[in-house]
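There are 2 protein chains.
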Amino acid sequence: MLSPTPRTQVRRKRDRQQSDPTTLHAVLDEALICHLGLVDADGAPLVLPTMHARVDDVVYVHGSSGAASLARDQEVCLTVTLLDGLVLARSVFAHSANYRSAVVRGRARRVTDPDEHLRALEAIVEHLTPGQWDHAKQPDRRESAATAVLALDLGEASVKVRQGPPGDPEAVAQGDDRWAGVVPVTTVLGPPRTCPALPADTPVPAHVTRWVRGSLRGDPAP
Amino acid sequence: MLSPTPRTQVRRKRDRQQSDPTTLHAVLDEALICHLGLVDADGAPLVLPTMHARVDDVVYVHGSSGAASLARDQEVCLTVTLLDGLVLARSVFAHSANYRSAVVRGRARRVTDPDEHLRALEAIVEHLTPGQWDHAKQPDRRESAATAVLALDLGEASVKVRQGPPGDPEAVAQGDDRWAGVVPVTTVLGPPRTCPALPADTPVPAHVTRWVRGSLRGDPAP
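Line by line, the protein sequences are chains A and Z. Okay, so the first sequence: first residue is 11 according to the numbering used here, each after it adds one. Okay, so the second sequence: first residue is 11 according to the numbering used here, each after it adds one.
No lab work stands behind these hints, which were simulated from the structure alone. None of the values given here were measured: they were computed from a predicted structure. Some hints here could point you the wrong way.
If chains are identical, the list can't say which one is meant, so a pair holds when it fits in one copy or spans any two.
Straight-line alpha carbon distances no greater than 25 Å define the calculated SDA-like cross-link-like pairs of lysine to any residue that follow [claimed, not checked]:
no. : residue 1 : residue 2
1   : K147      : A216
2   : K147      : D187
3   : K147      : P215
4   : K147      : G185
5   : K147      : P175
6   : K147      : A161
7   : K147      : D83
All chains should be built: construct the whole structure from the sequences, respecting the hints.
Structure, rendered in structure tokens:
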């Protein structure tokens, strides 16, 4: 179970906190991007979007050289959010969102071991498109050295989940008959666009086609 | 034009920085969620997902009471990211993402004026579903007091955009004929689900139907 520390104990809407590591892993694994929070040299917060992959209880983060040097051995916060729906309630006050979010806090470690660095890059590439690592040209030593990877332990993490219909159903019994409900939000991968430097009829590899097909969740509106 | 300060001058991949406020506004306006970065009482970064709306050159952020008290009169960083595609290059090193992201830095102001507070809530509700503010029950004084809103000036902001095919087309001329391309990523709103407390045949209001239809961008995969 996730053991919330005072820092990861959710303070607001505690009923939305989940302590199941399976949920934490699922949120990190489903999200295509993450947001990495740092404190800059002047003490001001900086939040940068980047890409990640989880391997067991570590999350690897693709760092720009700037972010990586800012984050090295510093406290960081990695946040991942999956927006699942817009919750349109009767009262403005009860409006909300359905979502699953993970917040991981801790000291970022710059990955320097060549084997771990390569495995981390593989995890990130495979996270974004399974099967792509073996398809692509592996990084040479110069390319690896130019790609910063940060590692963050999942020891201090929290997950928050809100799902379901609007939270003010009692309004109906009180005579409020205006429409309320949820508008689902999904992320969809579209048909691959072949690089214009290739012949247009270059076949799309099966691992890419499969990944795009598998991404179709929910029912896009008519 | 946006005038990058030393803090918002993009350091990495400068060619991706755009200085057109129209792009900044468009990114903030299209994104359904944002990530707000704070520095907590111990000096550690904290990144929380929340919702926002832009009104002219101010972005209003829906703050939990905890985040709002942490952020009040403090430096914050609001980051919004629209993921547009997975860029599958030939070499792992050239893998990338197509995206549009905005980073806004500055001191957060807690909105206390009742008129501005109400207008900010209206902007946030309308941002997420146009037409919803007039449909819903307006907040009363108690509800307004319980909803924290932060305002952040757009004076110090940067936008980064990467679009287009993989960046290693020269590999083709060098005899590398493996497939490369872009997998588009889109966010799609699904058919509304009526609140189970209502009769199932309660008609979905036209502003919601219109919003869901209008959200269909890109071509979901077959």
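These are the hints, each one checked on the structure:
no.: 1; hint: K147 - A216; result: within (17 Å within a copy, 51 Å between copies)
no.: 2; hint: K147 - D187; result: between (60 Å within a copy, 11 Å between copies)
no.: 3; hint: K147 - P215; result: within (15 Å within a copy, 52 Å between copies)
no.: 4; hint: K147 - G185; result: between (64 Å within a copy, 13 Å between copies)
no.: 5; hint: K147 - P175; result: between (47 Å within a copy, 17 Å between copies)
no.: 6; hint: K147 - A161; result: within (24 Å within a copy, 47 Å between copies)
no.: 7; hint: K147 - D83; result: neither (31 Å within a copy, 49 Å between copies)
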